[in-house]
Structures are given as structure tokens and as C-alpha cells.
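Quick note, the sequences are listed as chains A and G, same order. With the first letter of the first sequence counted as 1, position 455 gets the number 455 in the numbering used here; the numbers rise by one all the way through. With the first letter of the second sequence counted as 1, position 122 gets the number 122 in the numbering used here; the numbers rise by one all the way through.
To be clear, the hints were calculated from the coordinates, so they are not data collected in a lab. Take the hints with a grain of salt, since some may be wrong.
[To be verified] Under the rule of at most 20 Å between Cα atoms (straight-line distance), these lysine to aspartate or glutamate pairs were calculated in the EDC-like manner:
| id | chain 1 | residue 1 | chain 2 | residue 2 |
| --- | --- | --- | --- | --- |
| 1 | G | Lys240 | A | Asp176 |
| 2 | G | Lys248 | A | Asp178 |
| 3 | A | Lys45 | G | Glu168 |
| 4 | G | Lys257 | G | Glu335 |
| 5 | A | Lys255 | G | Glu168 |
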Amino acid sequence: MRDRIQEALKRSKADYTEIRIEEKETTRVVFRGKELETANANIDKGGIVRCLIRDKGWGVTTFNNLDDLLTKVDQAYQCAQVGTVPEPIELALVEPVEQITTAEMKRDFRDITLAEKKALAERYNQVLLGHSDKIIDTQSVYSDVFTHLVLANSEGTYIEQEKPSVMVAAFATTRDGDNVQQAYESLADTRGYEYVLDKDELVRKAAQKAVDLLEAKPVKAGQYTVVADQMLAGVFIHEAFGHLSEADFVYENPKAREMMTMGRRFGRDILNVFDDGSIPDQRGTTLYDDEGTPARRNWLIREGDLVGRLHSRQTAAKMGESASGNARAMNYRFAPIVRMTNTAIDNGATSFEDMIKDIELGIYACDAYGGQTQLENFSFSSGYAYMIRNGKIAEMVKDVILSGNLFSTLENIDAIGNDFKWLNTGGGCGKGNQFPLPVGMGSPHIRIQNVVIGGE
Amino acid sequence: MDILKLLKQQAEQVEVLNLQDEKTTVEYEANQLKTCTVAETKGTAVRVIRKGQLGFAASTGDTVMEKLAANALESASYGDAAPFSFPGSQPAPNVCTFDQTIADMPIARLVEIGKEILDLILPVEPEARCNIALERSIVSASICNDKGLDVSFKNSPLSLSVEINRVEGDDVLILYDQVGTTIWEKDYLEFARRLVEKLIRARTITSIKSGKMPVLFAPSGTLAFGLPLSEGLNGKAVYKGTSPIAAKIGERLFDEKITVMDDGTIDGKFASACYDDEGVPRRRNILVEKGVLKSFIYDLKTAAQSGVESTGNASRGLFNPPSPSLTNFIIEPGETALKDMLAGIDEGILVEDLLGLGQGNIISGAFSNPLALAFKIEKGEIVGRVKDLSIAGNIYELLKNVGAVSKEAHWVYSTFYAPYVLIPEMNVAGRS
Chain A
1 MRDRIQEALK RSKADYTEIR IEEKETTRVV FRGKELETAN ANIDKGGIVR
51 CLIRDKGWGV TTFNNLDDLL TKVDQAYQCA QVGTVPEPIE LALVEPVEQI
101 TTAEMKRDFR DITLAEKKAL AERYNQVLLG HSDKIIDTQS VYSDVFTHLV
151 LANSEGTYIE QEKPSVMVAA FATTRDGDNV QQAYESLADT RGYEYVLDKD
201 ELVRKAAQKA VDLLEAKPVK AGQYTVVADQ MLAGVFIHEA FGHLSEADFV
251 YENPKAREMM TMGRRFGRDI LNVFDDGSIP DQRGTTLYDD EGTPARRNWL
301 IREGDLVGRL HSRQTAAKMG ESASGNARAM NYRFAPIVRM TNTAIDNGAT
351 SFEDMIKDIE LGIYACDAYG GQTQLENFSF SSGYAYMIRN GKIAEMVKDV
401 ILSGNLFSTL ENIDAIGNDF KWLNTGGGCG KGNQFPLPVG MGSPHIRIQN
451 VVIGGE
Chain G
1 MDILKLLKQQ AEQVEVLNLQ DEKTTVEYEA NQLKTCTVAE TKGTAVRVIR
51 KGQLGFAAST GDTVMEKLAA NALESASYGD AAPFSFPGSQ PAPNVCTFDQ
101 TIADMPIARL VEIGKEILDL ILPVEPEARC NIALERSIVS ASICNDKGLD
151 VSFKNSPLSL SVEINRVEGD DVLILYDQVG TTIWEKDYLE FARRLVEKLI
201 RARTITSIKS GKMPVLFAPS GTLAFGLPLS EGLNGKAVYK GTSPIAAKIG
251 ERLFDEKITV MDDGTIDGKF ASACYDDEGV PRRRNILVEK GVLKSFIYDL
301 KTAAQSGVES TGNASRGLFN PPSPSLTNFI IEPGETALKD MLAGIDEGIL
351 VEDLLGLGQG NIISGAFSNP LALAFKIEKG EIVGRVKDLS IAGNIYELLK
401 NVGAVSKEAH WVYSTFYAPY VLIPEMNVAG RS
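From just these sequences and the hints, can you work out the full model?
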């Protein structure tokens with residue numbers, strides 16, 4: 001295969017050509033309620049060719065039939081002829097690399113039978129079902145994905161990577177009359193099958209949350225001091241700020257560039273934010289991105305000031321900066337675009353007790369149910385939350401939806417915890433129509449003043 | 001060897017889906033024509049029922065059929081009980097989903113349509129940055145099973161989507177719309193003209209005092225009702241008991257001005273076809289009639305579990321087994337002219353887009369969202385854009401009292417058709 005790829009690259013007439021071949025084997029087991037809903041294995045194999053003609057544009061072909069790469073390269077070249085960019089497209093320089101990496105799993109999930117994986121999901125489902133008679137529906141998911149990826153380009157890069165991923169998730173739905181509540185927990189790992197074993201406690205937590213939420217009162221709308229747990233803070237920094245630091249949003253838009261000027265004050269001195277694809281074994285870890293740029297730590301906010309952004313080779317060249325290792329594609333059906341890897345608020349100095357002790361009336365918001373941002377504006381649902389009364393955690397409340405303006409909210413972060421952690425959940429990030437891309441998120445607890453909480 | 005034959009020797013029931021898709025996409029990024037893509041997909045998915053248990057497997061490319069068959073049989077050996085049978089062939093409505101004009105459309109024509117869209121937007125708003133995707137596919141699919149069912153489809157979907165970014169200081173305005181059709185439409189730029197109208201309207205920024213007021217939902221804003229309803233009407237949620245309306249067939253849910261339908265038989269619409277993805281004829285399902293709940297939507301499995309017939313709503317991707325899904329989702333237009341609805345509002349808001357729709361516990365009917373795009377209505381006139389507002393409510397409460405439903409309606413995101421809906425009084429929250 002390597003010879004055929006390199007031959008096709010050599011014969012390309014484009015200024016730059018890139019070929020990515022991917023083979024993905026997926027196993028998925030889903031129990032829902034008392035029934036097994038899914039137990040299957042799928043194979044997805046295909047490729048993508050990307051050609052650049054500098055003074056025209058990009059041409060892309062994606063395909064399942066890998067027999068005739070030469071034709072695919074030629075087709076992509078023809079596609080690139082269609083573009084009419086006013087200025088030539090340049091790519092930031094990246095040293096060509098030749099590297100072949102293999103995955104090292106302690107227990108390789110490909111050696112585990114479907115029967116055993118099914119038994120694991122079934123056991124977690126039993127934990128959910130047996131937890132309370134208020135639980136009317138469950139979902140217990142096991143899935144694993146093993147990806148073999150080849151990336152080569154006309155500059156001499158040739159990288160083979162293996163990417164394993166294994167995940168369990170537990171969803172519980174409870175009902176009391178018209179009151180229906182849901183809660184979930186998930187855990188993902190890249191290191192092997194044993195990391196999803198013995199997770200009864202985690203699964204029970206989802207069940208108990210769904211039961212507790214039945215008793216919770218809806219939160220009263222208003223402005224509150226909010227303490228966010230690591231999960232919600234991690235999702236917040238990813239959604240509300242991370243997407244703005246993706247350079248494809250600003251590189252063709254002078255007005256947006258002004259808004260994201262380096263050095264602009266974004267928060268207080270305590271606020272530090274980074275994206276880093278090189279941290280071992282995290283969900284968004286990608287040693288080389290899908291253009292072959294090595295991962296590195298990119299500081300985005302340092303001591304409250306905007307100091308960096310995330311790039312592909314194209315956005316970096318256009319802005320006179322260097323490629324940051326953030327050009328990623330969900331699979332062979334897509335060209336890479338600027339994406340986050342593992343994004344985090346760096347550890348701070350405040351203990352959780354100190355953070356809440358002076359709050360007379362506030363909200364401790366945990367977990368993220370979902371979130372959306374439209375650049376400066378964001379909206380997030382927390383999975384569950386508690387009132388903070390007189391410096392103490394009080395009753396549980398539900399339907400806590402935080403919304404606000406990014407700039408004022410970041411300025412309003414006035415305490416950062418000393419309890420940083422990476423979140424190993426199984427979710428992913430969506431951008432354009434590429435969803436879900438595995439990303440990592442991390443944060444300590446944070447405290448935010450004056451957050452608008454919606455509600456009736 | 002033919003995989004249907006191969007598997008018939010080892011299982012009681014077999015279904016084979018073959019899918020082939022060739023998609024051409026032309027993309028403008030920040031007003032510039034930058035990328036052109038040709039994407040080909042080819043794959044096979046099989047379902048088997050062996051010893052009463054259901055199995056599924058799928059693959060792309062030229063995976064050896066023996067391996068695919070083995071995966072499906074292994075899946076069945078752990079699979080759940082299949083309470084249904086694959087269907088034999090049945091007469092289906094004649095639904096048009098293929099147009100040679102679209103199939104033959106050269107890349108140059110897609111490029112030209114993109115240019116026409118830019119020519120509508122940029123003269124009005126030179127600072128706008130538009131990302132435009134023009135996508136044309138030719139899809140062939142076939143489903144055959146052990147009962148002798150052998151149906152094939154050919155689709156020619158064309159989709160045009162536009163995202164407009166306009167940044168002024170720290171004010172970021174983002175507008176998005178998308179239309180899709182499988183039959184060439186003469187007035188293919190109508191959606192773009194609507195976007196331009198919104199852009200012009202959004203220039204004036206004004207403010208409104210928060211509190212209780214009439215709220216007029218534009219067709220795109222009614223997704224706030226459509227999304228929870230689409231989950232509540234789904235036969236799977238009904239069977240599992242998670243739908244809040246599971247036991248309410250025949251009951252009055254909403255104001256009698258509200259009628260809701262699912263119609264997979266409209267010529268040229270994205271979710272239309274003669275057959276659903278299990279080979280059951282597609283049809284028109286009245287879900288809520290004059291406020292009264294009439295029906296849910298089902299595929300073969302959820303129908304069998306619930307003791308009813310499939311409503312022709314099976315939907316699947318190559319790598320997922322079928323599940324019930326709405327086709328074209330329609331809130332029926334009403335009797336009142338939009339201008340009369342506006343005229344009756346002394347002070348209120350028009351909701352175009354909500355932020356974060358679909359997050360939270362949506363099946364309960366509850367929503368709470370910031371408004372991404374909303375306008376103030378004053379003495380019957382739309383006077384300017386209002387920012388930093390949010391609304392919350394539960395559709396099963398709100399839609400019990402509807403002020404009016406407009407005659408005017410249009411398609412939103414290809415498969416949702418809705419009018420303007422007026423809620424006489426709702427709490428609108430402001431920031432600070």
C-alpha cells in the first residue's frame with residue numbers, strides 16, 4: 001500500500017497533495033430497558049485525497065474503493081481547478097516526518113469476544129435496573145473503535161498511527177407521574193479493555209442522580225454566583241472560548257480578527273487556558289494531526305491575556321503564525337479543519353471550601369448536559385445542581401441552564417480551584433458537519449459571578 | 001456469492017441493504033470559492049433473524065462478503081428477540097425523488113448558484129462573510145429480503161446552505177439557513193432573499209423591557225416546539241414509556257389551532273420516498289389533529305412491540321439498524337394573515353432562532369433558551385433586533401393556548417414545514 005500511495009503522490013500535478021487511508025473496526029453493544037438493542041461489529045474502510053492548486057483552491061475526493069489511487073488523485077486535481085481564490089493559498093512550513101506507531105494496549109479489546117463485551121454491558125444495565133423501581137428506562141452502552149490511519153503527503157511525510165478507544169456509558173430515566181428525569185455517566189479510555197471494567201460505582205451514580213432529580217425543584221430564574229464543577233467548567237471553556245480561538249473563524253475576517261487581537265484582556269490574572277494534543281492517553285490526544293503537524297501545548301490565555309490560537313497549515317500561513325497541530329478530520333470522509341485537542345483551564349490555588357464559604361445564595365452546577373455557543377453568546381445545561389446557602393451546599397435543583405456573554409463571563413471568573421482533573425467522558429465535539437470528534441477537556445472547580453440562569 | 005443467498009442457508013430471515021452515493025460539493029469560504037469535493041460511498045448492511053434473534057452488521061468498501069455474513073450471524077447469536085417479520089412487497093405511493101436536471105448539473109452550475117447567492121447578499125452587506133455549501137448527490141439504494149421484497153430507490157438531493165457572519169465590534173451576528181430538494185425548483189433563491197431581509201432588519205438594535213408579553217414564533221423559531229414533539233411522538237419513546245404523551249391518544253393536547261403531520265410522500269422533499277428504509281410504503285400520518293393526539297410513528301420493531309402496524313417511518317444510516325424517525329414534519333398553516341397577527345401586537349417579540357435547542361431534558365417538553373435572533377414588535381411593526389433575551393416554558397403547557405397560526409408557512413432546514421405561531425403571553429427574561 002505504501003508504494004502505491006507514494007507513487008500516486010509522485011504523479012500528482014497539484015502544488016500539494018495529501019492522501020489519508022483509514023480502516024476502522026467498531027464493536028457496539030447497547031442494552032435499552034430490559035432488552036439488548038444492539039450487538040454488532042462494523043468495518044469502515046476508505047480514503048481521501050486532497051490536492052491544492054495554490055492560485056485556484058482545494059480539490060478533494062473521498063472513496064471506499066482503494067484500488068485506483070491514481071485516478072482519485074487526478075479527480076481531486078480536476079476538482080481543485082474549480083476554485084477561484086483571489087490570493088494564492090499558502091501552507092505554513094512543517095518538517096516532513098516518517099513515523100510508524102503502533103498502539104499498546106494492556107488488554108487488547110480486539111481479543112475479547114462479543115459475548116464478553118455483551119456480558120459487561122448487561123451487568124451495568126442490571127446495576128441501573130436494580131437501583132430503584134422509579135427507573136423506567138435505561139441505556140447501557142459498550143463500544144470500542146480501533147483505527148488504523150495512514151497519512152502521506154507530497155512533501156515526504158508518511159505517518160502510520162493506530163488509535164484505540166474504548167467507552168462505556170450509562171443512561172437512566174426515572175418517572176414519577178408526568179415528571180420524567182434523565183441522568184448519565186460515561187467513561188472513555190485509549191489504553192485498553194481493563195479500563196472499563198469494574199465501573200459499577202460510576203453506573204450507580206447515574207442511576208442515583210436520575211432518582212434524586214425527581215425530587216429536585218426547578219431552579220428559580222435569576223442572576224447567581226455559580227460554582228462549576230470540573231466537568232461543567234471543562235465543557236464551558238471548550239464550547240464558549242475554545243471555538244473562538246480556532247483560527248478559521250478569524251483568518252478571513254478582519255473584524256473578527258480585531259475582536260480576537262493578541263494581548264486582549266479576557267479574564268483576571270488567575271485565568272490560564274491551553275490546548276494540548278501531546279498529553280499521553282487523553283481523549284483528544286493526537287500525536288500528529290491530520291496534516292502531519294506534531295502536537296504541542298498551545299497557550300491560549302495566560303494570566304488573563306489572549307496569547308494564542310489554534311491553526312491548520314493554511315490558517316497559520318495566512319496569519320503569519322506557525323501550524324499548531326490542530327488540523328483534524330473526523331474520518332476519511334472529511335478534509336481536516338481547525339479543531340481542538342485537549343483543552344483545559346489550568347490549575348489554580350483556591351480550595352473548594354474557600355470557594356463556597358462566602359456565598360450567601362448561589363448555585364453549585366455539575367456536569368454538562370449539552371451546550372451551544374454562537375461565538376460571543378453561549379447556553380449550557382448542567383446535568384444536576386445544588387443551591388449554595390450561607391456557604392454550604394444545600395438542596396438539589398434541576399433545569400439549571402446557564403447563559404451569557406463570553407467576554408463578561410470570563411472576566412467574572414473570580415476563583416480557580418486547586419483540584420484540576422482531566423475528564424474521561426465518551427462525548428465528542430461537533431463543528432460543521434463533523435461530529436463527534438473525540439476531544440479532551442480539563443479544569444479545576446471555578447467560581448463565576450453574576451451568571452444568568454434561565455427558567456420560568 | 002450473493003450474500004442474501006448465503007445467509008438464507010443459515011438464518012430464518014434475511015434483509016440486505018446496498019447503498020451507493022456520489023456527492024459533489026462546492027464550498028465558498030468567507031465569500032471565496034475555495035474547495036470542491038467529490039465523495040463516493042459504497043456499502044452493504046445486513047440484518048438476519050436466526051433462532052428468533054436479530055443480528056446486524058455493515059461494512060463499506062470491498063469487504064469480503066463472508067466476513068460481513070459472519071459478523072451478522074455472530075451479532076444474531078447474542079441478539080435480542082425479533083418480534084417482527086421482514087415485509088413482503090406492498091404497493092407504494094408514487095413519490096418523485098429523482099430529477100435528471102439535478103443529476104446532470106455540472107460543477108460549474110453549482111459554482112454559479114453560489115455566486116448568485118453572494119450577489120444577493122454582498123451588495124446589501126459588504127462586510128458579511130458568507131460560507132456557502134452547494135451539495136448535489138446521486139443516491140442509489142436497494143433493499144431485498146427473504147420474502148421476495150426487492151425495491152430500489154434513486155434520489156437526487158440538492159442542498160444549498162448559507163452561513164452569514166457579520167462582526168461589528170463585539171456584536172457578532174450569525175444567520176444560517178439551508179434548503180434541500182430532490183426536484184429542481186425554479187425559485188431556488190427564495191431562502192437567500194429571506195436571509196437578506198433578516199440581515200437588513202437586524203441592523204437596527206433596540207431594547208425591550210423583560211416581563212410577560214406576546215411572543216410570535218417564526219417558522220424557524222417553532223423548532224422549539226417541533227424538537228420536543230418529535231421525541232414525544234417517536235414510537236420508541238412511547239413503547240419505553242419515556243414519552244410524556246405515551247398514553248394520551250385521543251386526548252386533547254393542544255389548542256385546536258394546532259395540527260401536526262408527518263408526510264413522507266411529498267414530491268421532491270428530502271425525507272420523501274416510495275418506501276421507508278425497511279421497504280414499508282411511506283405514507284402521510286396525521287399525528288395531532290385540531291389539538292387532539294391521533295398517532296405516533298413506528299418502524300417494524302417498535303410497531304410489533306406496541307401491537308400496531310409500522311407507519312413507514314423506519315430510517316437508517318449504513319452503520320445503524322433502522323429506528324423510527326419523522327420524515328417531513330409539518331405544522332399545518334392556519335387561517336390568520338401574518339400582517340394581522342403583527343397588527344394585533346402592541347409590544348412583544350418575534351423569535352427567529354433559539355440558541356442551544358435540543359439540549360437538556362427535551363422529551364419532557366421543557367425548553368429554556370437564549371434567543372440567537374429576535375426582533376421587537378411595537379404597535380404592529382417590527383422595529384429592530386433585540387439581544388440578550390431568553391425564554392423558557394413547556395410546550396405541553398404553552399400550546400394549550402395559541403393566539404393564532406399564520407396562513408404563511410415555509411420549509412426550515414429541508415424537512416420541517418411550519419407557519420408563524422403566536423403565544424399570547426410568555427415570560428421573556430433579559431440579562432441584568
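Need the status of pair A:Lys255, G:Glu168: alpha-carbon distance at most 20 Å?
Roughly 7 Å between the alpha carbons, so the hint for A:Lys255 and G:Glu168 holds.
Given the hint that A:Lys45 pairs with G:Glu168, does the C-alpha gap stay at or below 20 Å?
Judged against 20 Å, a Cα distance of about 45 Å means the pair is violated.
Starting from G:Lys257, check that the Cα of G:Glu335 is at most 20 Å away, please.
holds (9 Å)
Within 20 Å, alpha carbon to alpha carbon, are G:Lys240 and A:Asp176?
holds (14 Å)
Within 20 Å, alpha carbon to alpha carbon, are G:Lys248 and A:Asp178?
Holds, at roughly 12 Å.
Going down the numbered hints, you'll see the structure goes against just number 3.
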